[in-house]
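Asks: Below, each chain spelled out in residue letters.
2 protein chains.
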Amino acid sequence: MQDKPLILITNDDGITAPGLRALIQIMNKIGEVVVVAPSSPQSGMGHAITIDSVLTCNPITIDEGPQLEYTCSGTPADCVKLAVNEILNRKPDLCVSGINHGSNSSINVIYSGTMSAAVEAGIEGIPAIGFSLLDFNWHADFKPAAEAIKKITLNALLNGIPEGIVLNVNIPKLKESELKGIKVCRQANGVWKEDFDKRKNPSGKEYYWLSGAFVNKDKGQDTDVYALETGYISIVPVQFDMTAHHMIQKINTWDL
Amino acid sequence: MQDKPLILITNDDGITAPGLRALIQIMNKIGEVVVVAPSSPQSGMGHAITIDSVLTCNPITIDEGPQLEYTCSGTPADCVKLAVNEILNRKPDLCVSGINHGSNSSINVIYSGTMSAAVEAGIEGIPAIGFSLLDFNWHADFKPAAEAIKKITLNALLNGIPEGIVLNVNIPKLKESELKGIKVCRQANGVWKEDFDKRKNPSGKEYYWLSGAFVNKDKGQDTDVYALETGYISIVPVQFDMTAHHMIQKINTWDL
Numbered sequence: 002m003q004d005k006p007l008i009l010i011t012n013d014d015g016i017t018a019p020g021l022r023a024l025i026q027i028m029n030k031i032g033e034v035v036v037v038a039p040s041s042p043q044s045g046m047g048h049a050i051t052i053d054s055v056l057t058c059n060p061i062t063i064d065e066g067p068q069l070e071y072t073c074s075g076t077p078a079d080c081v082k083l084a085v086n087e088i089l090n091r092k093p094d095l096c097v098s099g100i101n102h103g104s105n106s107s108i109n110v111i112y113s114g115t116m117s118a119a120v121e122a123g124i125e126g127i128p129a130i131g132f133s134l135l136d137f138n139w140h141a142d143f144k145p146a147a148e149a150i151k152k153i154t155l156n157a158l159l160n161g162i163p164e165g166i167v168l169n170v171n172i173p174k175l176k177e178s179e180l181k182g183i184k185v186c187r188q189a190n191g192v193w194k195e196d197f198d199k200r201k202n203p204s205g206k207e208y209y210w211l212s213g214a215f216v217n218k219d220k221g222q223d224t225d226v227y228a229l230e231t232g233y234i235s236i237v238p239v240q241f242d243m244t245a246h247h248m249i250q251k252i253n254t255w256d257l
Numbered sequence: 002m003q004d005k006p007l008i009l010i011t012n013d014d015g016i017t018a019p020g021l022r023a024l025i026q027i028m029n030k031i032g033e034v035v036v037v038a039p040s041s042p043q044s045g046m047g048h049a050i051t052i053d054s055v056l057t058c059n060p061i062t063i064d065e066g067p068q069l070e071y072t073c074s075g076t077p078a079d080c081v082k083l084a085v086n087e088i089l090n091r092k093p094d095l096c097v098s099g100i101n102h103g104s105n106s107s108i109n110v111i112y113s114g115t116m117s118a119a120v121e122a123g124i125e126g127i128p129a130i131g132f133s134l135l136d137f138n139w140h141a142d143f144k145p146a147a148e149a150i151k152k153i154t155l156n157a158l159l160n161g162i163p164e165g166i167v168l169n170v171n172i173p174k175l176k177e178s179e180l181k182g183i184k185v186c187r188q189a190n191g192v193w194k195e196d197f198d199k200r201k202n203p204s205g206k207e208y209y210w211l212s213g214a215f216v217n218k219d220k221g222q223d224t225d226v227y228a229l230e231t232g233y234i235s236i237v238p239v240q241f242d243m244t245a246h247h248m249i250q251k252i253n254t255w256d257l
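So the protein sequences, as listed, match chains A and B. So for the first sequence, our numbering puts the first residue at 2; every next one is plus one. So for the second sequence, our numbering puts the first residue at 2; every next one is plus one.
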């Protein structure tokens, strides 16, 4: 690492999102910052990439500061690929994604554009962290999370994040004085119970809005959901080798 | 399970894709088939879901046969959510996705709409399998794979797929007589090396096409890529708990 680490920042709420702006302020104190973020919100994009259409990526200035910023027409994963291959002139020392407006704990990691950007960086061999605040509000208060985000980031730069792993950090919606600390957790085994809202358009044709409620039946006290509910910031180490290694032997007993 | 299992079929290449039509033919011999597939191709959509826009889902007839079919405006994961919550009147015994036109081995599992549909079914508690043929051609020959797909499906129905796991099946582009068998594997540690194709539009503005080559430095003989290269069909058991459990202890040594 050079004296000042090169930090790539992206998100899934789009380049103007207050959560991203807050993350830039924090990272400007730690390193040399380059932002490559989606032009428009990309929530729920999971690990989508753009293969059937073209991408644009242009310099932009949103707020004052030492950071360089680019706005990209693609998904969060596209932003990371473009940044690493076309925008940056050296491999970043760290990629941070967020701060997401809303939780990415439990199963949400799999739907999350914020986390897919971090995972994409991990695949590219770059240490990466996704940050999310449990507040969907566009005008959420990101200040209480700042010190913890800085601490986690400095630890990641100092200790390194092992290859094949990225960190999923979620922060409860609390005042700074109410935050109890940071816990390393496993992903809670929760799911979304969908509840489609079926409507008719002005011509009488049916359509749906996807809606639902998050249900967590996982009572473990070592989960991210438990940590967040009890006032802690959660860190889940996430791997992108999705193989269920322990199942290989079992399926080998099938008559194939 | 009732006498005839209820099988939900979806894909990411769209409802008219020959790979889907081939999978319907195979599944019609095994169970009662309902198809809920995207209206248009959704390759590279990863685990995207539609939350900022509406969904439509309408009955359609593409070919003759006993199957019921619906075309859905959303992503593969949306199709599964809609099918389970709005279309089907009971929980399916199995969800199969594909047959994808092109490989979903190794890291491709994470970008794959085909596999995200299977994973979404798994999250909903439905046994699920994604099938992919290593041939991107729209007019690929899916016949050589039929017997193996039937065998794997019958095994999954008979033995069950454990909760939290879905199967990722890839089939080499070979004649049936050249297929050597079926191997249960781990996901190879391969990656895409991007090579963006930078162009100028008629007004002189720059844009990019995402392009690249798959690079596998993983020399293990227990990987899906090795199995496929040596003429075998690969099955990787895939889990959607992305926690790197073995890393929790290590990160607990950080100064947090």
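Honestly, I wouldn't trust all of these hints.
If several chains are the same, the list does not tell them apart, and a pair holds so long as it fits within one copy or across any two.
What the hints assert, rightly or not - Calculated pairs, DSS-like style, for lysine-lysine (alpha carbon to alpha carbon, straight line, at most 27 Å):
{"id": "1", "residue 1": "LYS152", "residue 2": "LYS176"}
{"id": "2", "residue 1": "LYS251", "residue 2": "LYS181"}
{"id": "3", "residue 1": "LYS206", "residue 2": "LYS220"}
{"id": "4", "residue 1": "LYS174", "residue 2": "LYS144"}
{"id": "5", "residue 1": "LYS199", "residue 2": "LYS176"}
{"id": "6", "residue 1": "LYS92", "residue 2": "LYS194"}
{"id": "7", "residue 1": "LYS201", "residue 2": "LYS181"}
Please keep in mind that the hints were generated in silico from the structure rather than gathered at the bench. Everything numeric in this text was worked out from a predicted model, so none of it was measured.
Asks: When Cα atoms must be at most 27 Å apart, do LYS251 and LYS181 count as within-copy, between-copy, both, or neither?
Replies: For LYS251 and LYS181, the Cα distance is within 27 Å only across copies (21 Å; inside one copy 42 Å).
Asks: One pair to classify: LYS92 and LYS194, alpha carbons no more than 27 Å apart. Within, between, both, or neither?
Replies: between (41 Å within a copy, 14 Å between copies)
Asks: Using 27 Å as the alpha-carbon threshold, which applies to LYS201 and LYS181: within, between, both, or neither?
Replies: For LYS201 and LYS181, neither the intra-copy (47 Å) nor the inter-copy (53 Å) Cα distance is at most 27 Å.
Asks: Please sort LYS199 with LYS176 into within, between, both or neither, judging by C-alpha distance up to 27 Å.
Replies: neither (38 Å within a copy, 46 Å between copies)
Asks: Using 27 Å as the alpha-carbon threshold, which applies to LYS174 and LYS144: within, between, both, or neither?
Replies: within (11 Å within a copy, 55 Å between copies)
Asks: At most 27 Å between CA atoms: does that hold for LYS152 and LYS176 within a copy, between copies, both, or neither?
Replies: within (17 Å within a copy, 57 Å between copies)
Asks: For LYS206 vs LYS220, is the C-alpha pair at or below 27 Å within one copy, between two copies, both, or neither?
Replies: neither (43 Å within a copy, 54 Å between copies)
Hint compliance for this structure: hints 3, 5, 7 are broken, all remaining hints hold.
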